[in-house]
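Top line first, the protein sequences correspond to chains A and B.
Here the first sequence is numbered in the working numbering, starting from 397 and rising by one per residue.
Here the second sequence is numbered in the working numbering, starting from 336 and rising by one per residue.
Think of the hints as simulated: they come from the structure by calculation, not from any bench.
Because the structure is a prediction, the values reported are computed rather than measured.
Backbone N, C-alpha and C define an ideal beta-carbon position, used for all residues, glycine too.
Any given hint could be a false lead.
Computed footprint of chain B on chain A; a stretch qualifies when at least three of its residues, placed anywhere within it, have a C-beta under 8 angstroms from a C-beta of chain B [to be verified]:
no., region
1, 445–451
2, 471–485
3, 508–518
Restraint ranges, calculated between C-beta atoms of paired labels, are given here [said to hold, decoys possible]:
no., chain 1, residue 1, chain 2, residue 2, range
4, B, G354, A, L403, 33 to 41 angstroms
5, B, I466, A, P524, 41 to 49 angstroms
6, A, L459, B, V471, 21 to 29 angstroms
7, B, V471, A, V494, 38 to 46 angstroms
8, B, K479, A, G492, 41 to 49 angstroms
9, B, L421, A, P458, 32 to 40 angstroms
So, partial list: chain B residues that the calculated Cβ filter (under 7 angstroms) puts toward chain A [to be verified]:
no., residue
10, T368
11, A371
12, G375
13, L382
14, T383
15, A386
16, P389
17, Y392
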Amino acid sequence: MGRGTSLGRVRGLGSAHAGPHHWWMQRVTAAGNLLLLIWFVVSLARLPVLDHQAVVLWLKSPLAAVPLLLLVISVFWHLRLGLQVFIEDYVHEAGGKVACLLLLNAYVVVAAALCLFSILKIAFGGVPA
Amino acid sequence: MAHNPARPLSPHLSIWKWGPHMLVSILHRATGTALAIGGGLIFTWWLTAAAISPAAYAIFYHWIVDADPSSAHEGAQALVGLLARLVGVALSWSFFQHMASGVRHLMLDTGAGYELKVNRLGAILTIVFSIVATLVFWAVILGKGN
Ligand code: HEM
Ligand code: HEM
Numbered sequence: 397m398g399r400g401t402s403l404g405r406v407r408g409l410g411s412a413h414a415g416p417h418h419w420w421m422q423r424v425t426a427a428g429n430l431l432l433l434i435w436f437v438v439s440l441a442r443l444p445v446l447d448h449q450a451v452v453l454w455l456k457s458p459l460a461a462v463p464l465l466l467l468v469i470s471v472f473w474h475l476r477l478g479l480q481v482f483i484e485d486y487v488h489e490a491g492g493k494v495a496c497l498l499l500l501n502a503y504v505v506v507a508a509a510l511c512l513f514s515i516l517k518i519a520f521g522g523v524p525a
Numbered sequence: 336m337a338h339n340p341a342r343p344l345s346p347h348l349s350i351w352k353w354g355p356h357m358l359v360s361i362l363h364r365a366t367g368t369a370l371a372i373g374g375g376l377i378f379t380w381w382l383t384a385a386a387i388s389p390a391a392y393a394i395f396y397h398w399i400v401d402a403d404p405s406s407a408h409e410g411a412q413a414l415v416g417l418l419a420r421l422v423g424v425a426l427s428w429s430f431f432q433h434m435a436s437g438v439r440h441l442m443l444d445t446g447a448g449y450e451l452k453v454n455r456l457g458a459i460l461t462i463v464f465s466i467v468a469t470l471v472f473w474a475v476i477l478g479k480g481n
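Could you build all of it, start to finish, from the sequences and the hints given here?
And the structure:
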């Protein structure tokens, strides 16, 4: 038979069995962040200057644009999972919790979309250096 | 009974003693949240400005990287420049601390490092790493400016 108290089973309010996947993806994206962010910090440090021209020329190379695209996906996925736990730990009232989680998802989707589009626009030559 | 100070304290909800592992635990959360909001917004601003135009990038550069001392309102400008530097130092330290305590998390997940002394040493090492890495990072950046 299933787990939990008999009342919980009757109500069907037991574990949703969705926790391990959240936990695991937090770890997978943590490993992705570690590799990609070390690459990113080293790459920026190796650019002689950080002005507009330097950044645009750098991002025209597929070997810069593609890792940066992957970095955006890994970091925003990771921080979405992380802030979800943060909110669930501290916002207990149902209405406030739903509002915070919606705001979090909106932030992540909008910011990640802006980043991905911007990288692609520069990489495909849409921004004159 | 005689009190032995070497024995661990029972985790009563309101009676506990600070240790490095607790500090690192809450720092992982605080730095992760700071990076997620502050770091995420600045990073998005940087890329979006680069994709819009050199003028939009100049605004980002001016506020975040380096305030142009020759511009108007010098007093306010210097203050903003100082604040930007403070945020920069705080975020870079947050990054190194979160990275180190994150790697520690991944090692603890394998079941390793729970012995009291090893656990304590690991927690202290993350803090040592984040301070040293932040100092080196800014030495490199400020060295470049000259
Ligand atoms: C440098 C590579 C990184 C590693 C190795 C790493 C590792 C981790 C790990 C293992 C966790 C899970 C902790 C737990 O289960 O309690 C975590 C949580 C989190 N991470 Fe990261 N992370 C990294 C980068 C980042 C970045 C760049 C951000 C934000 C932009 C971030 C934001 C967060 C947040 C908000 C949490 C949730 C904290 C909590 O619930 O207490 N992480 N990180
Ligand atoms: C009476 C002492 C304490 C007890 C009984 C306690 C208990 C717990 C428990 C059961 C968890 C969940 C464990 C898990 O997620 O694996 C937890 C997580 C946590 N605790 Fe505590 N705790 C105590 C003190 C502290 C202190 C002093 C701090 C820091 C100020 C702290 C910060 C945290 C944080 C940030 C988490 C989330 C951990 C993570 O996801 O990595 N705790 N605590």
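Margin query: Taking beta carbons only, do three or more residues of the region 471–485 of chain A come closer than 8 angstroms to chain B?
Written below: Per the Cβ count (6), the hint holds.
Notebook entry, point to check: For the hint on Y392 (chain B), does the least C-beta distance to chain A fall short of 7 angstroms?
Noted result: holds, 4 angstroms
Check: Between G354 (chain B) and L403 (chain A), is the Cβ distance one that fits in 33 to 41 angstroms?
Finding: holds, 39 angstroms
Check: Is the hinted range of 38 to 46 angstroms satisfied by the C-beta distance from V471 (chain B) to V494 (chain A)?
Finding: holds, 43 angstroms
Notebook entry, point to check: Can the suggested window of 21 to 29 angstroms be confirmed for the beta-carbon pair L459 (chain A) and V471 (chain B)?
Noted result: holds, 26 angstroms
Next item on the list: With 32 to 40 angstroms as the target window, see if L421 (chain B) and P458 (chain A) comply at their CB atoms.
Entry: At 37 angstroms between Cβs, range holds.
Item checked: Satisfaction of the hinted span 41 to 49 angstroms by the C-beta atoms belonging to I466 (chain B) and P524 (chain A) -> Holds, since I466 (chain B) and P524 (chain A) (Cβ atoms, about 42 angstroms apart) stay within the stated range.
Item checked: P389 (chain B) as chain A interface residue, shortest Cβ-Cβ below 7 angstroms -> holds, 5 angstroms
Checklist line | When the least beta-carbon distance from L382 (chain B) to chain A is tested against 7 angstroms, hint result | finding: With Cβ-Cβ at 4 angstroms, under 7 angstroms, it holds.
Item checked: chain A contact restraint for G375 (chain B) - C-beta distance below 7 angstroms -> Nearest chain A Cβ about 6 angstroms off; hint holds.
Note to self: Given a cut of 7 angstroms on the nearest C-beta pair, is the interface hint for T368 (chain B) held or broken against chain A?
What the structure shows: Because about 6 angstroms separates T368 (chain B) from the closest Cβ in chain A, which is inside the 7 angstroms limit, the hint holds.
Next item on the list: Establish whether the coverage given for the region 445–451 of chain A by chain B is satisfied; the threshold is a Cβ-Cβ distance below 8 angstroms, and no fewer than three residues must meet it.
Entry: holds (count 5)
Hint compliance for this structure: no hint is broken.
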